[in-house]
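Protein chains: 2
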Amino acid sequence: MRIGFIGLGTMGAPMARNLLEAGFEVGVHNRTRAKEEPLADAGASRAASPADAASGAEVVVTIVSDTPDVEAVLFGDGGVAEAISDDAVVVDMSTISPDATRSFAERIRLVDAPVSGGSEGAEQGTLTIMVGGDADDVGRVRPVLEAMGSKITHVGPSGAGQAAKAVNQVIIAGVFQAVAEGMALGMASGLDMDKVLEAIGAGAARSWVLENRARNMLENRYPLGFRVSLHHKDLRIALEAARRAGVELPVTAMVAKVEQGLVADGFGDEDMSAIARALRR
Amino acid sequence: MRIGFIGLGTMGAPMARNLLEAGFEVGVHNRTRAKEEPLADAGASRAASPADAASGAEVVVTIVSDTPDVEAVLFGDGGVAEAISDDAVVVDMSTISPDATRSFAERIRLVDAPVSGGSEGAEQGTLTIMVGGDADDVGRVRPVLEAMGSKITHVGPSGAGQAAKAVNQVIIAGVFQAVAEGMALGMASGLDMDKVLEAIGAGAARSWVLENRARNMLENRYPLGFRVSLHHKDLRIALEAARRAGVELPVTAMVAKVEQGLVADGFGDEDMSAIARALRR
Chain V
52 MRIGFIGLGT MGAPMARNLL EAGFEVGVHN RTRAKEEPLA DAGASRAASP ADAASGAEVV
112 VTIVSDTPDV EAVLFGDGGV AEAISDDAVV VDMSTISPDA TRSFAERIRL VDAPVSGGSE
172 GAEQGTLTIM VGGDADDVGR VRPVLEAMGS KITHVGPSGA GQAAKAVNQV IIAGVFQAVA
232 EGMALGMASG LDMDKVLEAI GAGAARSWVL ENRARNMLEN RYPLGFRVSL HHKDLRIALE
292 AARRAGVELP VTAMVAKVEQ GLVADGFGDE DMSAIARALR R
Chain F
52 MRIGFIGLGT MGAPMARNLL EAGFEVGVHN RTRAKEEPLA DAGASRAASP ADAASGAEVV
112 VTIVSDTPDV EAVLFGDGGV AEAISDDAVV VDMSTISPDA TRSFAERIRL VDAPVSGGSE
172 GAEQGTLTIM VGGDADDVGR VRPVLEAMGS KITHVGPSGA GQAAKAVNQV IIAGVFQAVA
232 EGMALGMASG LDMDKVLEAI GAGAARSWVL ENRARNMLEN RYPLGFRVSL HHKDLRIALE
292 AARRAGVELP VTAMVAKVEQ GLVADGFGDE DMSAIARALR R
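Residue numbers (this note's numbering), protein chains in the order written: chain V, 52 to 332; chain F, 52 to 332.
The shape of chain V in the complex, shown without the other chains (with noise of 0.2 Å):
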C-alpha cells in the first residue's frame, strides 16, 4: 500500500519511520523539507508538495500543528485535495478543532484520528490513537494505524477522535496540576519524597502523571515528553469545545493560563511537567 505522510515533526518523523519498517511505501512531505532527508534515507520518496504526496497513495497521513495548518496542507494550493483519488483516505493525526475536522470530512474524505503517548510512543509505536469516522473507512486505513499504535479505538463518527482527545488533553491538564500541588507541598514541608512516593504510588494517587512526572517536579527540570507550548494549543481547542458545548471547566481554564505564562516566560519547549514551575516558593 502507497501512503502519502505529511508532517515530520517530533511525532511524524518516529511515525513515518513505523510506517516503512511495516513495509508501507511511503512518500513523504514536510514544510521545512530538509526534514525530508532522514525519511528519505531509510526508504521513503519524497514529495514536492502535499499533493504531490497525495498523488497515486491510497491512504494520506497529516500530522500538523494545528487547525490552519491542517486546512492548507488539505485545501491550499498545491494541497492534497488537488491531487488525491476518489476512493483514498486522508488520515489527519494533528489534534484539532472537532468542528472544523467535522467541516473538512464535508469536503474529502477524512478520518481523524489524534494520537497521545507523545514521542516516547511515537518512537515505540506504541501510541494510543483515538478514531473518529465512517467506520469502513477506519477499517480501510485501520492497518496503517496499526504500524503507528498500540491501541486504537474507533470511538464514534467524524470529529469523535477529536473530541475524545480532548477529554483527554483535559484529564492531562488538571492530573499534572494535581502532581504538582502535591509535589509543592511535599517539598515544602521537608519531606523525603522518595519515600512519599513510595507510599502513595500505588493508592488512589496513582497515576501516569505521578509515575512518569513527578520526578521532573521534584528535580526541577523538565526534558520531553510533551511541549507546554503545544497542550495549550490543545487545551485552547478542548476550551472552545467546552464553550460551544456549554460546559465550564475551571481547572483547565487555570491551567491554560499557566502554560500561556510559560511560554511567554520562554518554557514552551519544556515538557508540560514545567506546570510545577509556577508553585516553587
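Treat the hints with care, as some may be off.
Note that identical chains are pooled: a pair holds if it fits in a single copy or bridges any two copies.
[As the list claims (entries may be wrong)] In silico DSS-like cross-links for lysine-lysine, where the CA-CA straight-line distance does not exceed 30 Å:
{"hint": "1", "residue 1": "Lys-246", "residue 2": "Lys-202"}
{"hint": "2", "residue 1": "Lys-308", "residue 2": "Lys-284"}
{"hint": "3", "residue 1": "Lys-246", "residue 2": "Lys-284"}
Read the hints as simulated data drawn from the structure, not as lab findings.
Using the hints provided, position chain F relative to the given structure of chain V.
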C-alpha cells in the same frame, strides 16, 4: 499482643475486625458505645473509656474524625494518657494536623499512621499506611499495621505520616476534578463515553480515579467510597499545612470550596466523586 482500639467508624470497625482475625487480643471503645457490640460478638472485649482500652495494652490504635477528637481521646478525661503504660505505643491512624501530631508526640509515645484506600481497603486489609515516628516504635507496631494494610511505608519522623497523607489528599483532589472536567466535556460533546474511557484509559490520562470513579460521574450516582465531608476536612488540614509552609495550592483550594458547597447542599455523605455535580449543566 493486647491492643486497645478506639474509634469504630466506617474505617475503624473493619480495621479492628482484621486485627481480631489476625489473632490479636483487642479491647474496643467507641464514643457511641453500641458500635462496640458487633466487634464484641466477633471476639473483642469492650472498654468503657479510652483509658480503659489503653490499660494493659501494648499498642493503642486511635482512628477518629479530626484533630480535637484525637486530643480528647488521648489527653481528655478518661483519656489514653491516664492509663497507658510507659512502654506502650499509640498508633494514631486518624487524618489530622501534622503540627498537632508533633505536639502530641511530645506528650505521649506516638506513631502517626494515617491511611488511604477507603472503606474497601479497610475491609480487605489492603490499606496504604503512611507512617511517621521513631524507627523503634514503628518497628514495634509494624505487625499490627500489617494486619490492616498491604502497603506500609515509614516516611520519616513524627508528623511525616500526616504530612504525606496531606500530599496524597491534595493530589486526589486535583485528579478527581480533572476526571470530572473530562467527563463533563465528553458528555456535553455527545461522545460514547464507554469508547472514550477505553481509548484514553491506558495512556497518559490513566489514574486510579479514572478507573474507579469516572463511571459514578457519568451515571451521576455517588455511592461510598470516601465521604465528601471527610475529604473536605482533610483538605482543610492540607491547606493549613500549605499556608504554614508558604505554598499556594490553587486547585486544592478550589476543590475544597466545591466540597464545602456540596456539604452545604446536603451531599456531604456522598462519595467525593460527587464533585462532578458542580460541572453538570
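Quick rundown of the hints versus the structure:
1. Lys-246 x Lys-202: Between copies only: 12 Å across chains, 33 Å inside a chain, cut-off 30 Å.
2. Lys-308 x Lys-284: both (11 Å within a copy, 29 Å between copies)
3. Lys-246 x Lys-284: between (35 Å within a copy, 24 Å between copies)
Of the numbered hints stated above, none is contradicted by the structure.
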